[in-house]
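**Q** On the provided structure of chain A, position chain B as indicated by the hints.
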Amino acid sequence: MPAVQETIDQVRQIDVDQYKYGFETLIEMEKAPKGLNEDIIRFISAKKDEPEWMLEWRLSAYRRWLTMEVPSWARVEYPEIDFDDIYYYAAPKSMSGPKTLDEVDPELLRTYEKLGIPLREQEMLAGVQQSRIAVDAVFDSVSVVTTFKEELAKAGVIFMSISEAIREHPDLVRKYLGSVVPVSDNYYATLNSAVFTDGSFVFVPKGVRCPMELSTYFRINEKNTGQFERTLIICEEAGYVSYLEGCTAPQRDENQLHAAVVELVALEDAEIKYSTVQNWFPGDSEGKGGIYNFVTKRGDCRGANSKISWTQVETGSAITWKYPSCILRGDNSRGEFYSIAVSNGRQQIDSGTKMIHLGKNTSSRIISKGISAGKSNNTYRGQVSAHRKATNARNFTQCDSLLIGNNCGAHTVPYIEARNSTAQFEHEATTSKISEDQLFYCLQRGIPEEEAIALIVNGFVKEVIQELPMEFAVEAQKLIGISLEGSVG
Amino acid sequence: MNVQSKKPITAAEQSLLDRYAERRKERQGNASLTALRDGLVHEFDQTGLPGRRIETWHYTDLRTLLKFVPEGFSPETGASAKPLLSDAIVLSARVGGQDSAMPEGMAVSSFNELLTSANATDLLESKRPDDFIGRVNSIFVDGGSVIDVSKGVKLEKPVELQNAASGGHLHTRMSVNIGDGAEGTFIERQIATDTADSFVSSITDLTVGKSAVVTWIISQERGDTDTHLGQINIRLGEDARLMLFIANAGGHLVRQEVHVTADGENSDFALRGVNLLGGDSHTDITMEYDHLVANCVSTETIRNVVFDRARGVFQGQIRVAQIAQKTDAKMACNTLLLSDEGEFFSKPELEIFADDVQCGHGATVADIDENHLFYLKARGISDSKARAMLVNAFISEIVEDLENEDLVEAFEQRFSEWLTRHA
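These protein sequences, in sequence, are chains A and B.
Counting from 40, one number per residue, gives the positions in the first sequence under this note's numbering.
Counting from 61, one number per residue, gives the positions in the second sequence under this note's numbering.
If we strip away everything but chain A, and leave its shape as in the complex, we get:
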């Protein structure tokens, strides 16, 4: 069954030529010379005033990277990237050293205003925004400002850019950095380890529920630059934090690289909720320009009863290569992955998740919805694996795809690996498998079947997405209504 008109219209509203964030900020930038070598890495490290061990860490990653091969297993095609034709460091000139908001270049503040990102605490306190969110704004290679730092500090929560954290909390960074995504994990993660510039650091101490939403907003502005974001979130025993990430870039003819690494660590009874609204420039309708989004995101449920939940709404990027994963190490730990990925134009998405069950009684849930339109390709690739000792591991996976038009592709590549008899895995990719009871309940109340199906399936996703702050989730809100009739599997 083909897609219904309403869905087609909704997807059209976020088509690649409707990109709203394509403007450029004209601001004087300081850049490292183009290309990648040990001197560039020393330059970045020196710029950030890093300790010696950090530089060594970067250099060993770089040497390792030189020996690695570009991964080619994903279902994406792009011309070979010339890593020597990229600027690895670009920062607004006015940003030499941390500043208070009043000292930040007004042009930068205007940029964030235009993007709808609140950076002024007073405005938020004055009730301009409905909810209070602490924001770390990253512009190309540097963090411009982090809001509500003091207030968070009162609660014991550390929220700052990773560059600052390396200087101010070296012991914490050293203990956890690379402990979830090892330096040698994969080609792009190793590259990131060598050249990462900025990102966020969050530390939630034992027993603390973070009093507000934390958020980082990534903006690539400068031409020919790569953005190498590094984010590290640690949630100690019984802590809780909800973190949201947003990203945009100007409309340019050339492709730009965003190779990020995000590491989450949840100790006993801790919970981390990580949400992404990915809206990088997707390229034009002919596939010119756009961001290559090659990202390694992984959460480690290190302690018993911990929980990590990934939510992603993917509408941007020319190419997406990203698999937010959960390592369910602690007994009774839980992993969740909710994803809506919409591809238009000539976008290529190869995304999904990995749920690695190592501890006892661990459970995971995967809900993924992919919608392809235009001439795009949208692949769900997910791995669910239960280790021999992961007794009573449970997984439920549901992935649905929808094609709009006849020039795009939707693909599903699940890897299901069971290594003990108490594991219970269910993988579904059809709408017809919805619980008969739930469907009956809706039909009883006069809801037509089609609507009832959409209601039930979307119920999962909606629950999570509705918690995203409104100002970040415009696209997400639009997508929620998209129903699943016409799903092809």
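Simulated from the structure, these hints should not be mistaken for lab results.
Quick caveat, the model's predicted, so the values are computed rather than measured.
Take the hints with a grain of salt, since some may be wrong.
Reference excerpt, derived from the structure (chain A facing chain B, CB under 7 angstroms, subset only) [said to hold, decoys possible]: (1) Ile-455; (2) Gln-463; (3) Glu-467.
DEER-style ranges, computed between Cβ atoms [stated by the list, open to error]: (4) Ile-47/A with Asp-388/B: 20 to 26 angstroms; (5) Pro-244/A with Ile-383/B: 55 to 61 angstroms; (6) Glu-325/B with Ile-47/A: 24 to 30 angstroms; (7) Arg-484/A with Asp-388/B: 28 to 34 angstroms; (8) Phe-435/A with Thr-255/B: 42 to 48 angstroms; (9) Glu-82/B with Pro-110/A: 38 to 44 angstroms; (10) Ser-444/B with Phe-435/A: 26 to 32 angstroms.
Derived BS3-like pairs: lysine-lysine, alpha-carbon spacing no greater than 30 angstroms straight-line [as the list claims (entries may be wrong)]: (11) Lys-428/A with Lys-437/B; (12) Lys-214/A with Lys-86/A; (13) Lys-187/B with Lys-414/A; (14) Lys-437/B with Lys-399/A; (15) Lys-386/B with Lys-414/A; (16) Lys-428/A with Lys-127/B; (17) Lys-386/B with Lys-270/B; (18) Lys-312/A with Lys-59/A; (19) Lys-390/B with Lys-393/A; (20) Lys-262/A with Lys-59/A; (21) Lys-70/A with Lys-327/A; (22) Lys-390/B with Lys-414/A; (23) Lys-270/B with Lys-217/B; (24) Lys-153/A with Lys-312/A; (25) Lys-70/A with Lys-188/A; (26) Lys-262/A with Lys-73/A; (27) Lys-153/A with Lys-86/A; (28) Lys-67/B with Lys-187/B; (29) Lys-153/A with Lys-327/A; (30) Lys-153/A with Lys-70/A; (31) Lys-217/B with Lys-142/B; (32) Lys-153/A with Lys-262/A; (33) Lys-445/B with Lys-428/A; (34) Lys-188/A with Lys-245/A.
Glycine is no exception: its CB is placed at the ideal position from the N, C-alpha and C atoms.
**A** Positioned in the frame of chain A, the structure of chain B alone reads:
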């Protein structure tokens, strides 16, 4: 994706290279055939056995799994096993000769004869870069049959094709052409007549003509130490109907590939598979289905029961081309993992380029449902009996799809014997 760099040569690789060198001296083939084989061996020398870096071989890494290849070649034994169905026409897959009266409208000849003809190289050329089975078979193939069922002929009796090995290498190929509107049931049995180790590659190229109706059964009955690399390549014509039933209950290292191309509209393909896995065996069913035309239906259901330290793999890939609108494809893989040391890997994959299709896949892995067990035990049935009943029920559902009562009975018996030995 399919690039493998040169690694140290394994014992199995060396053994295969040595066997070829020996065979090359003994064998008199035409020059083009020898050149083709030399080329394939040269390529094999470069790439070696497929390992986990090659996507389609990720879970069946021959570099580590294939530890040993026997030295000799299996002598010809003919079709000597008792047929599964008493009324079957029994043939040796290897010699292509007839052991009982051939029905009218069916012709059988030797594959070796076909190989000496001018177009031999076309027969053996492999189109897929990751087709290791095709290559190894092309390098060594010696024996096989060519079967032709004429247009409109309805074979009343099932045809049983016995591919027997009694230790050593065995490499056979069958080329089967079912004419338009013809009907028949074929049972391909992969048998061990001996406990000596064997290394077998067996390829069947099956063309099902327009409106033809075929049931094809592959029964895996090799010994506990045998390696079997099987492949069936299927072309489905317009309105053709094919039921492919794979019964894996034997062998040590087994991979059965199924490659289906639907190139006539309205065809109907059903794959039913039962994998009974025990000991320290490794069994893999890998299916690829290309929907190249509109309005085709396919259903695949694989049921697996894993005991001991056995490992099972199911990879299914359904590809729907842009023009293959109104495709209806459903794939399910259900596994009962009954041992904590057993493993099962499934990868039910969809690749869809048409927007008006229905494709679904499902995969489950679990132990026997405690509620079901409780239900039976509450009625005074012992634990082991109850478990056996539930396992039987789990696979019977698939066997029953064979519809033919004699076949259902034969396989239920075969499976039940296997389960009695292993459970």
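**Q** Quickly compare the C-alpha distance for Lys-386/B and Lys-414/A to 30 angstroms and report which way the hint goes.
**A** holds (20 angstroms)
**Q** Is it true that the CA of Lys-437/B sits at most 30 angstroms from the CA of Lys-399/A?
**A** The hint holds at about 28 angstroms.
**Q** Does the hinted range 55 to 61 angstroms hold for Pro-244/A and Ile-383/B at CB?
**A** holds (60 angstroms)
**Q** Is it true that the CA of Lys-67/B sits at most 30 angstroms from the CA of Lys-187/B?
**A** holds (24 angstroms)
**Q** Does Lys-153/A pair with Lys-70/A here, judged by a C-alpha cut-off of 30 angstroms?
**A** Since the Cα atoms of Lys-153/A and Lys-70/A sit roughly 24 angstroms apart, the hinted pair holds (cutoff 30 angstroms).
**Q** Please check whether Ile-47/A and Asp-388/B have a Cβ separation lying inside 20 to 26 angstroms.
**A** holds (23 angstroms)
**Q** With the threshold set at 30 angstroms, check whether the alpha-carbon distance from Lys-217/B to Lys-142/B stays at or below it.
**A** Roughly 16 angstroms between the alpha carbons, so the hint for Lys-217/B and Lys-142/B holds.
**Q** Given the hint that Lys-270/B pairs with Lys-217/B, test it: the Cα-Cα distance must not exceed 30 angstroms.
**A** Holds, at about 21 angstroms.
**Q** For the pair supplied as a hint, Lys-153/A and Lys-86/A, confirm whether the alpha-carbon distance does not exceed 30 angstroms.
**A** Distance of about 29 angstroms is within 30 angstroms: holds.
**Q** Given the hinted pair Lys-214/A and Lys-86/A, is their Cα-Cα distance within 30 angstroms?
**A** At roughly 23 angstroms apart (the allowed maximum being 30 angstroms), Lys-86/A and Lys-214/A satisfy the hint.
**Q** Does the CB of Gln-463/A sit less than 7 angstroms away from some CB of chain B?
**A** holds (5 angstroms)
**Q** Hint check: Lys-312/A vs Lys-59/A, CA-CA at most 30 angstroms. Holds or violated?
**A** Cα-Cα ~27 angstroms, so holds.
The structure is consistent with each of the numbered hints, conforming to all of them.
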